[in-house]
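A.B. asks: Please take these sequences and the hints and turn them into a complete structure.
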Amino acid sequence: MKLVLSPEQRELREAVRGFLRDASPLSKVRQGYDPQVYARLNGELGLSGLIIPEEYGGSGAGMAELAVALEETGAALLPGPFLSTAFTAVAATLVPDKELLTGIAEGRVTATLDETEVLFDGASARGTLPQVLSGMEADVLVAPARTGDGLVMVCVELAGPGVGRGPLETLDLTRGQAKVVLDGAPARALGPAPESGIGDRLCVALAAEQLGVMRAALDAIVAYAKIRVAFGRYIGSYQGVKHKLADMHGKLEQAESIVRYAAWAADESPGELPGAAALAQAYVGRACFEVARDHLLLYGGVGYTWEHDAHLFYKRAKADEVLLGPPRIHRARLADLLEL
Amino acid sequence: MKLVLSPEQRELREAVRGFLRDASPLSKVRQGYDPQVYARLNGELGLSGLIIPEEYGGSGAGMAELAVALEETGAALLPGPFLSTAFTAVAATLVPDKELLTGIAEGRVTATLDETEVLFDGASARGTLPQVLSGMEADVLVAPARTGDGLVMVCVELAGPGVGRGPLETLDLTRGQAKVVLDGAPARALGPAPESGIGDRLCVALAAEQLGVMRAALDAIVAYAKIRVAFGRYIGSYQGVKHKLADMHGKLEQAESIVRYAAWAADESPGELPGAAALAQAYVGRACFEVARDHLLLYGGVGYTWEHDAHLFYKRAKADEVLLGPPRIHRARLADLLEL
Amino acid sequence: MNLVEYRRAARAWLQENAPSDDHPETDAIARAKDFMARLHDAGYSGITWPRRWGGQGLTEAEERAFAAEARDHSLPTYVFSIGLGMTGPTILDRGTDAQRERFLRPLLRGEEIWCQLFSEPGAGSDVAALQTRAVRDGDHWVVNGQKVWTSVAHHADWGLLLARTDVEVPKHKGLTMFVVDMHHPGVTVRPLKDMSGRANFNEVFFDDVTIPDEHRVGEVNDGWSVAVTTLLHERLSISSGVGMGGQKDNPAALEALRTMVDTSDPYVRDQLVELHIRSRALALFNQRLAQETEAGVFPGARGSAAKLLLAELTLFQADLATQLVGPEAVLADHPLSRVIATAPGMALGGGTNEIMRNIVGDRVLGLPPEPRMDKNVPFKDLKVGTQA
Amino acid sequence: MNLVEYRRAARAWLQENAPSDDHPETDAIARAKDFMARLHDAGYSGITWPRRWGGQGLTEAEERAFAAEARDHSLPTYVFSIGLGMTGPTILDRGTDAQRERFLRPLLRGEEIWCQLFSEPGAGSDVAALQTRAVRDGDHWVVNGQKVWTSVAHHADWGLLLARTDVEVPKHKGLTMFVVDMHHPGVTVRPLKDMSGRANFNEVFFDDVTIPDEHRVGEVNDGWSVAVTTLLHERLSISSGVGMGGQKDNPAALEALRTMVDTSDPYVRDQLVELHIRSRALALFNQRLAQETEAGVFPGARGSAAKLLLAELTLFQADLATQLVGPEAVLADHPLSRVIATAPGMALGGGTNEIMRNIVGDRVLGLPPEPRMDKNVPFKDLKVGTQA
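Residue numbers (my numbering), protein chains in the order written: chain A, 3 to 342; chain B, 3 to 342; chain C, 93 to 480; chain D, 93 to 480.
Hint data in this document are derived by calculation from the structure and do not stem from the laboratory. Where is the CB? At the ideal position from N, CA and C, for every residue including glycine. Take these hints with a grain of salt, some might be off.
Okay, the calculated beta carbon distance ranges per label pair [as the list claims (entries may be wrong)]:
| hint | chain 1 | residue 1 | chain 2 | residue 2 | range |
| --- | --- | --- | --- | --- | --- |
| 1 | C | Ala129 | B | Gly64 | 49 to 55 Å |
| 2 | C | Ala160 | B | Arg110 | 48 to 54 Å |
| 3 | C | Lys472 | A | Met3 | 56 to 62 Å |
Output of the computed footprint for chain B on chain C, the stretches with three or more beta carbons under 8 Å from beta carbons of chain B [what the hints assert, rightly or not]:
| hint | stretch |
| --- | --- |
| 4 | 358-370 |
| 5 | 382-390 |
| 6 | 437-450 |
| 7 | 455-467 |
C.D. replies: Structure below.
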């Protein structure tokens with residue numbers, strides 16, 4: 003089990019962190035998706051190809067590396083289809099048809115993955131997908147379809163014919179969703195849907211993003227507690243603030259440990275992955291929201307204002323917590339895996 | 003709905019509180035049951051007859067008054083069969099045969115009530131009751147028995163023939179339990195067991211005791227926080243202590259409100275009683291243990307010692323929390339009552 | 093007229109006169125003012141205030157009776173709430189007779205709207221650290237500075253302003269209270285959006301705003317004691333309203349939530365039970381405080397415990413509801429989206445949870461105070477606001 | 093010998109020599125001493141200590157390798173743990189050569205048992221507020237006072253004693269460290285029972301106990317800096333052990349608990365999931381700290397976060413287990429009865445949760461310190477202990 007980053011992983015982290023600090027500072031995230039940033043992220047850092055095998059143009063790294071990258075994009079509240087494309091890359095590596103991978107690895111194609119089953123007649127797809135992550139920004143949609151041969155994954159060009167999509171305003175101001183209606187949209191089968199592995203990896207990937215969100219929120223409020231004065235003292239010197247921050251730190255330490263473990267399991271220990279993945283969502287999703295909430299509250303009134311960034315973290319944390327379904331599903335999964 | 007005490011109820015409270023302060027101070031509770039204190043409690047204050055109708059020698063008061071008394075016996079961690087006798091009096095007022103009531107009201111008879119069903123042949127009872135509250139101190143046991151005519155309540159003299167009983171060492175040093183084996187013990191039927199009403203009233207009575215336990219624990223640690231110094235300041239001036247005490251106070255306020263409401267419902271609004279009773283155990287049982295636990299922790303190391311009284315509250319709180327069964331039963335009951 | 097008759101009459105009047113719209117929108121202001129005038133004509137505005145200043149000279153009993161009846165209606169009194177609950181009582185307690193004469197009757201009749209100008213960006217919980225300066229110039233004062241969290245400032249005719257008049261003395265000792273004309277050219281009101289995107293309060297900027305000395309409330313440099321009066325009234329008016337309803341229309345409350353989620357799932361059911369337990373516990377506590385108040389026992393700082401618990405319940409139930417409902421809950425047109433986006437408000441407005449815990453600890457439990465670093469330092473030497 | 097060989101040899105030695113009994117009972121002491129002598133002969137006692145003083149002169153790598161192997165055994169080293177983990181390293185760091193010569197080898201060989209005498213009834217978290225006095229009398233010191241929470245004092249031959257030698261200076265500046273002979277006639281050791289009824293520690297009374305000046309450790313009035321050394325070693329030895337097992341035999345842990353309760357009840361099942369989540373979260377955090385340590389990144393104050401979380405988990409799971417099991421759990425012969433009765437121990441020993449949160453806040457997060465009221469006041473004028 004490997005819970006600490008290797009020197010290479012630390013380098014990756016620094017590279018992504020440094021890039022995002024310059025290219026996508028917090029002051030910019032309300033402007034939404036910037037395709038140029040996304041292109042540079044993939045071009046200069048090759049992030050979109052991180053977990054894509056080298057033969058398809060990726061760097062063949064593992065979930066551990068993807069987790070490092072997602073932690074940073076999470077901490078930066080990066081807008082746009084980076085997470086959804088990573089989700090899709092996870093799925094696309096597990097189906098026979100790998101064509102999509104090359105486009106993603108090259109940074110040409112943004113994608114999104116949805117779990118809503120669509121109808122597929124071998125050439126086109128029909129169906130309504132009520133909440134597609136980054137559905138307005140993604141070029142391609144991958145979704146499961148029930149066919150005579152069982153469940154297959156199909157791929158649809160979202161800018162193509164037979165596709166209607168409309169933006170959905172959501173709580174999260176930094177990343178949108180879309181309603182997508184497929185009405186005979188040309189579709190291509192990527193092969194049978196794997197029996198397992200996708201959902202678990204999505205749990206891990208999302209937990210990595212959540213780890214970044216909570217870390218950045220904690221860092222921000224700790225910094226504020228060192229400069230904000232009330233009643234003649236820095237607020238961080240009051241135990242009412244300090245003890246809460248200490249508890250938040252404990253959650254962060256545990257969350258990071260779980261994310262490292264789950265990413266390691268995805269790469270190295272498939273038998274442990276289902277339990278690790280459910281644990282990651284059950285713990286990290288909750289911890290991320292709690293830390294984001296408490297960080298907002300500790301700002302006092304200013305944290306309640308629209309101008310302040312605190313609510314961006316709070317809202318992303320809540321949106322992430324329910325992104326893969328009501329959080330209880332992860333607990334129920336754990337109960338099953340523990341044979342309780 | 004009546005949530006505040008009447009002047010008469012306040013008088014009763016002062017009388018019981020004053021009596022127990024002198025007759026059963028905390029320094030004495032480890033010595034266990036003192037029949038003399040019990041006799042005076044019933045003689046001077048008439049507590050054992052509080053809810054017994056006047057025609058049977060009681061004072062015909064309601065659960066609201068019993069709750070006031072139990073809050074004080076709880077706060078004093080009074081050892082002995084007071085709660086168990088109150089439980090029995092609750093049951094005995096709800097069955098046709100009222101003979102037992104007179105003995106209890108006069109303070110001659112201590113009693114206990116158990117929910118374990120025994121076998122009853124019309125004249126004697128058989129069965130093993132694994133954990134009878136105050137089973138060594140009580141003179142009389144009341145328990146349900148399944149007969150051809152349905153469930154009846156039967157009454158057994160515990161000092162009589164055919165009864166074996168052995169003390170059980172429990173977590174709670176201030177109040178014991180006993181294992182009771184009935185092997186053809188002479189028994190008398192008190193009449194059919196009422197379909198409802200007993201269990202709810204036991205929930206309310208116990209919650210009243212728990213309210214007293216948590217109040218006394220909070221009072222004690224608040225007093226200590228005003229005299230204990232660390233790092234040159236009273237510990238109560240640190241927000242780490244103060245904020246926790248403020249939260250404990252909030253629990254106490256809510257617990258008292260619920261106990262008053264549930265006792266009022268028992269007396270005046272039978273339709274609300276089941277929900278109020280389940281609420282009382284679900285909230286107050288938990289709050290009592292949390293406050294008792296946190297009060298112990300806030301003492302620091304000295305609270306962990308045998309000589310200190312903190313653990314007496316902690317242990318009583320835990321014993322009370324599970325006295326009527328695992329606490330989840332009250333939550334499950336609430337779910338049913340709310341038709342969830 | 094005895095209390096029963098009084099209440100019956102109030103009920104009848106309200107049934108006849110209470111409108112349904114209480115949104116403080118622009119065109120609603122005129123209607124609200126019209127309603128207040130009728131309320132005053134009917135004798136229900138300023139029930140306990142002295143007759144001499146436009147009140148009814150009755151007791152708290154009548155006020156409570158009217159309030160109990162008013163709870164069944166949505167009265168359009170929102171824009172007057174600061175005046176009625178805070179600034180008006182302050183003028184009544186601490187103003188001169190000339191000020192009472194000038195300000196109170198128009199306030200009670202809804203002819204003039206008031207706001208309260210205490211908080212600043214650098215002085216939130218620690219109000220007395222405020223930096224807005226008022227400098228004397230003959231028989232006037234000249235004010236420069238910035239206030240924040242000011243409800244209804246964009247509608248207000250008058251503001252009760254706390255400003256610093258001496259920086260050489262410790263912070264509580266150099267403050268003075270004024271009534272400021274919100275229509276003065278140097279006053280700029282800028283709406284401030286909350287985290288849900290709604291403009292619920294304002295920033296107010298003062299740029300060489302002059303105030304005649306006769307609009308000073310209380311002595312020079314005695315403004316803190318006047319502010320304490322105002323804040324006491326604020327706390328009373330908040331705590332009396334706490335937990336009294338509000339759940340009826342809350343989509344995160346049990347009754348609404350049970351229709352949105354799958355209650356055949358035992359986990360969901362138990363979470364709803366938890367919500368029921370917490371909601372009932374607080375509702376009963378509030379009812380007990382209300383009964384005590386009716387019996388003449390004033391809750392005092394215990395109201396801060398109720399406010400703290402309401403803040404926590406508000407956060408808990410918004411969080412729980414969104415978890416149970418899942419992905420849909422974050423859609424902007426789902427009712428829970430707004431609930432989760434405003435849930436922190438109760439924990440931040442009217443004193444943070446930390447301040448509430450201090451109040452409960454100090455005033456209810458009588459715990460020793462935090463040592464104060466800022467009591468005896470001249471304000472100009474004191475660290476305030478946000479700085480390294 | 094490389095590390096793999098070292099570890100293999102250690103494993104073999106332990107399999108041959110490790111006894112099963114680790115209870116510090118009276119007759120067990122002789123066996124424990126015998127084991128320590130063999131451990132030392134085999135080269136596994138004082139692995140990183142200098143050879144000159146009886147150690148092995150090896151690195152942390154060997155020590156960790158041995159510790160990893162030792163985890164599979166219950167070594168009877170409990171009565172030596174204070175000496176090995178705290179007082180020995182202090183003598184090593186701060187003692188004179190004569191003291192090192194006299195004390196360290198017998199300590200490593202288990203010939204002499206040590207205890208640590210810092211805490212007092214009036215000085216718990218705030219150790220430096222201690223009141224035990226040592227007064228100089230020629231080439232001796234005379235000690236009077238009382239210590240508390242002293243593990244293994246009833247077996248100890250020597251104690252590391254922190255005493256006040258000057259009351260005219262602020263509290264940290266008037267302390268001196270000594271080695272005291274626990275067999276001195278003026279030393280009285282009284283067992284102190286914990287809340288579960290077991291005597292796990294002691295009170296120690298000093299009544300005109302004399303200590304030769306050559307048993308002073310460090311300079312006069314420089315005892316606090318020596319104590320900081322000791323406490324640092326204490327924290328290291330606690331945090332390195334935190335969360336490393338202990339759950340295996342815990343009746344409140346998931347594996348034991350699932351056999352006691354009805355897991356067909358969905359509520360019970362979800363509560364067990366919660367226990368699993370919290371236990372795994374902490375176990376993984378501890379493993380990460382251990383991996384970092386192995387990689388040469390020392391956890392430092394982050395170990396206090398792990399200790400805090402362990403304290404909370406210990407309380408949580410004892411509480412949960414007794415709730416789920418219900419009435420039986422409080423019977424004295426039920427395993428959970430003891431668990432709930434000792435659950436607060438982890439939150440109180442080795443620093444309360446409040447102290448841990450201060451450490452994490454100050455040293456991990458770098459937050460500003462609490463203002464100190466006690467730094468510059470002569471001790472004799474300082475409020476200490478319990479007083480109105």
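A.B. asks: Hint by hint, work out which the structure violates, then give me just those numbers in ascending order.
C.D. replies: none
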